[in-house]
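Engineer: Could you build all of it, start to finish, from the sequences and the hints given here?
Now for the letters of each chain:
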Amino acid sequence: MNFAVIRFPGSNCDQDCLLALNALPGATAKVVWHKDSSLAGFDAVIIPGGFSYGDYLRCGAIARFSPIMQAVKKFAEDGGTVVGICNGFQILCEAGLLPGALVRNRGLHFICESTTLRVERHNSALTNATWTGTLLNIPIAHGEGCYFADDTTLRDLHHNGQILLRYADAQGRTNAAANPNGSCANIAGIRNRAGNVFGLMPHPERACDPLLGSTDGKILFQSLLAWPASPLRKHDAENLPASPLPPVSASL
Amino acid sequence: MSDPAITPELIAKHGLTAEEYERIQTTLGRDPNFTELGVFSVMWSEHCSYKNSRPELKKFPTTGPKVLVKAGEENAGVIDIGDGWAVAFKMESHNHPSAIEPFQGAATGVGGIIRDIFTMGARPVFSLNSLRFGPISRGLQSPTPEQEKEFANNRRLFAGVVNGIAHYGNCIGIPTIGGEVAFDASYSGNPLVNVFCLGILRHDQIARGGAVGVGNPVFYVGAETGRDGLAGAAFASRDLTEESKEDRPAVQVGDPFREKLLLEACLELLASGCVAGIQDMGAAGLTCSTCETASRGGTGVEIDLALVPKRETGMTPYETLLSESQERMLVIVKKGEEATVKEIFEKWDLPHAQVGEVKDDGFMRVKDNGKTVVEIPARILADEAPVYHREAAEKSLPPRLSAEDLLAKVTLPDVADVLPGLLSHPTIASKRWVWRQYDHMVRLGAAVQPGSDAAVFLVREADKILAATSDCNAVYCKQDPREGARIAVAEAARNLACSGAVPLAITDNLNFGNPHNPENFLQLRESVEGLAEACREFDTPVTGGNVSLYNQSPAGAVDPTPTVGMVGLIAEAKHITTQAFKSDGDVIFLLGPLGDELGASHLLLLADLKEGAPPHLDYALEKAVQNAVRSLIRMGLVQSAHDCSEGGLAVALAESCLSGPAPLGADISIRTPQSEIKNPLVALFNESQSRIVISVKKQNAAAVRSLLEWRKVPVSKLGVVTKNPELKVAVDDADWSWALGDLEESWGGTIGRLMGK
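So the sequence lines, in the order shown, correspond to chains A and B. Heads up: take any position in the first sequence, counting from 1, add 664, and you land on this note's numbering. Heads up: take any position in the second sequence, counting from 1, add 268, and you land on this note's numbering.
One should not assume that every hint holds.
[Unchecked claim] With a Cα cut of at most 25 Å, we get these calculated DMTMM-like pairs of lysine to aspartate or glutamate:
| id | chain 1 | residue 1 | chain 2 | residue 2 |
| --- | --- | --- | --- | --- |
| 1 | B | Lys699 | A | Glu777 |
| 2 | A | Lys699 | B | Glu614 |
| 3 | B | Lys699 | A | Asp820 |
| 4 | A | Lys699 | B | Glu606 |
| 5 | A | Lys882 | B | Glu729 |
| 6 | A | Lys694 | B | Glu611 |
| 7 | A | Lys699 | B | Glu611 |
| 8 | A | Lys699 | B | Glu536 |
| 9 | A | Lys694 | B | Glu729 |
| 10 | A | Lys694 | B | Glu532 |
| 11 | A | Lys694 | B | Glu492 |
| 12 | A | Lys694 | B | Asp617 |
| 13 | A | Lys694 | B | Glu614 |
| 14 | A | Lys699 | B | Asp617 |
| 15 | B | Lys850 | A | Glu777 |
| 16 | A | Lys699 | B | Glu532 |
[To be verified] Footprint (simulated), chain A over chain B, 3 or more residues, beta carbon under 8 Å:
| id | segment |
| --- | --- |
| 17 | 437 to 448 |
| 18 | 521 to 535 |
| 19 | 699 to 706 |
Source of the hints: derived by calculation from the structure; they are not laboratory data. Backbone N, C-alpha and C define an ideal beta-carbon position, used for all residues, glycine too.
Structural biologist: Written out as structure tokens, the structure reads:
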């Protein structure tokens, strides 16, 4: 699978994503400069973390005007897989490819630490190599990673199975104490309605080497590789949550 | 607008003495004009010229088989790490700006040191910092309203500095992976912000800062010049006073996004092979970069200020030359390669302009629209600043009081309360609140979470593992600067040994008060001689660093703080060792003596007493202990290693219990020899040097012990690691036990609590 890793001025996790992806059998990753306008030959697009355009104005607000973003939109419209990590998630929200917004962390500080994530749904390109309910250990590093959306959007996300990852404690409880940044409903990662555009604040590329403490990030990348042949693909619309949405309001 | 007339007042305002002005007149053979006066003022400031410290700095060992670029030769020293790879590293202070404007002061400090590193052709891979602030709490006692006001100000400075470092480092994507923070009354209103950066490069990538090749074009690249940071170098070479707030324009404003672009563009430019010389514009901006490149290249440089990209209109030559706007570089390009510069800097959307060329006459010549405004021989500015041999006070050392005598001077609570008291002292308490705000994981290198003895970083491009630490116990230095400086080097080397590394070299940051005060100058001299001696002992040459004098407010000078940044190499990933206990049942040993020295200790600080001589450092013992721990690590016998420093053995044990992902308890029993003082406070909290707490698997305990005994390294068994959530300690017949949850509350929770999370 050929991955395009988009490099904006100010991206700083592009090299880390390349390193992590190229270490996986079956994956080849290349950098695509933001002034380019073609994604021909790529099977998936990664928008890496960093501070595109210095995060001036708002995180991701300027990057969405880069020439490459037209190509990314087209790529997504044609059903291509697009994954935004951290700043990439912010850019995808600003570009309207994902619902909601990422705002200042509840505690106002930048937070860099390991977090526990609960997989909410394994019927997705990003999570199919694991099971619903599995806990993953993947770090976050952001100042504006508090996921925010209005109640209607949150309800839609929930009922359409678009919430993929939520911050949890070591027992898998998605309570307030396990929420590092004040995100609505402890949301750490989502997908769009069509199921091909993903955004997550945690950095899977930072959890691919045992020397760094966790290899759980690999599971998400391996999921992307496995998805084209996955039998779960056919059941993408099934197994949607029947239960009501757990408490959602952000404590901002 | 015409230039002001040069009066004695104007000369004094520029920080130049009457004698220095006379010297300028003699060398030039005429009076300098206003702009030239400004140029001399910054180039002959302590910050740029080291005029008060240069004779002392010559005492450092700066050579060795691994030294590729020596201290003082270029912007940073370069050290060989094998297989054709090298590291460039340096530490620099931004104390004065941070005292006035903590966020921007610290942020631009980070920006400056990063530029120093990529100017060498190295890709910056990680940063550390060493910070000092006034007290933010009064520990066990409640503060008076007066003190509370002072503490609130110190908290503001602390929060601002940490935020500034995080802002710049996180945005540019260079991980901040460790360092130290200490709090003491001498830093109230006088914070120290020392930032360290390390970069990686191949031997053939070393870039030089000389203006070589007469006729080569001189380019200005990076951010536009504005009026910010006017004459910051001169500002940094004065005492801080009540009026210093008015110097706020001397504090620069940083833009990490611009620097990220500048970094990538410069590395791309260097890789293209079209660069003849490169120099960053840090202190003294355009002035320093033009005269230093000319002086280094043995050539002259001529520029025209009209060609310099500016962000403000109506800037005078004086302002343009003395501005310390950030994120700018001067590049001497090989003639004919001008188009390459244009292409690369346009790709990165950065301003660039050819502003002049290399000449053969040895002059720094600055024009403004063709009219010459500065014409000074470059070497006079860069290399021939006056040098002063300042007067040092008579040396006097504190009496070497015994632990008993020292304890008689203070009232301390029971051991049961002393340990939590020490653990909640902000200097000792966990700095998690700090490093959680730093992106320490970017670049996929931080193999050890910040907070352990040394930071460990995987340099993936070179397949090398580096360890780095910064250390200085300024209380020791205050009491005996020479011994304190020796200990700073020894402790840095010990921290590296505990992480499994062999030390390579150091960079230093000498923070002292006004050198005109003989007491302060004595401290500087003693510290330098102590550092130099210890560096020879540990075979770690000094690769460069920074001198920051005038760290002085109306309340007095800071405690002498010669900070040491040491870098080492770890041979294999399996040797990476941390301070946290690993598993239930592991046996805990102390390498080195049980100790009995309480002078200048944290135990006394707990009772507000800074007294006595610091512990004595015995090089032979220190090296034996360090070599032993490193060998045991390489043999795969060590589960955890942690050195005893501030707060002594009990604090080291508590930290080993608490710093793992899941805390582990310990059951400790200490037998003091007959000859020693029986007070358990001495056994638990003395700060004698050359001591390391290790834990080993039970089945290896006997082997470890006999190896150490055979090597004649002092060793005592302390106890075992347990899964019970408590630290139990017995000293002879007395015993105590602390719940790990309570200790964590003191150690892990204090700073967050004081800073309002």
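Engineer: Please go over all the hints and tell whether each is borne out by the structure.
Structural biologist: Quick rundown of the hints versus the structure:
no.: 1; hint: Lys699/B / Glu777/A; result: 13 Å, holds
no.: 2; hint: Lys699/A / Glu614/B; result: 12 Å, holds
no.: 3; hint: Lys699/B / Asp820/A; result: 41 Å, violated
no.: 4; hint: Lys699/A / Glu606/B; result: 23 Å, holds
no.: 5; hint: Lys882/A / Glu729/B; result: 21 Å, holds
no.: 6; hint: Lys694/A / Glu611/B; result: 22 Å, holds
no.: 7; hint: Lys699/A / Glu611/B; result: 14 Å, holds
no.: 8; hint: Lys699/A / Glu536/B; result: 17 Å, holds
no.: 9; hint: Lys694/A / Glu729/B; result: 17 Å, holds
no.: 10; hint: Lys694/A / Glu532/B; result: 18 Å, holds
no.: 11; hint: Lys694/A / Glu492/B; result: 33 Å, violated
no.: 12; hint: Lys694/A / Asp617/B; result: 22 Å, holds
no.: 13; hint: Lys694/A / Glu614/B; result: 22 Å, holds
no.: 14; hint: Lys699/A / Asp617/B; result: 11 Å, holds
no.: 15; hint: Lys850/B / Glu777/A; result: 20 Å, holds
no.: 16; hint: Lys699/A / Glu532/B; result: 16 Å, holds
no.: 17; hint: 437 to 448; result: holds (count 4)
no.: 18; hint: 521 to 535; result: holds (count 6)
no.: 19; hint: 699 to 706; result: holds (count 4)
Checked against the numbered hints given earlier, this structure breaks hints 3 and 11; the rest are met.
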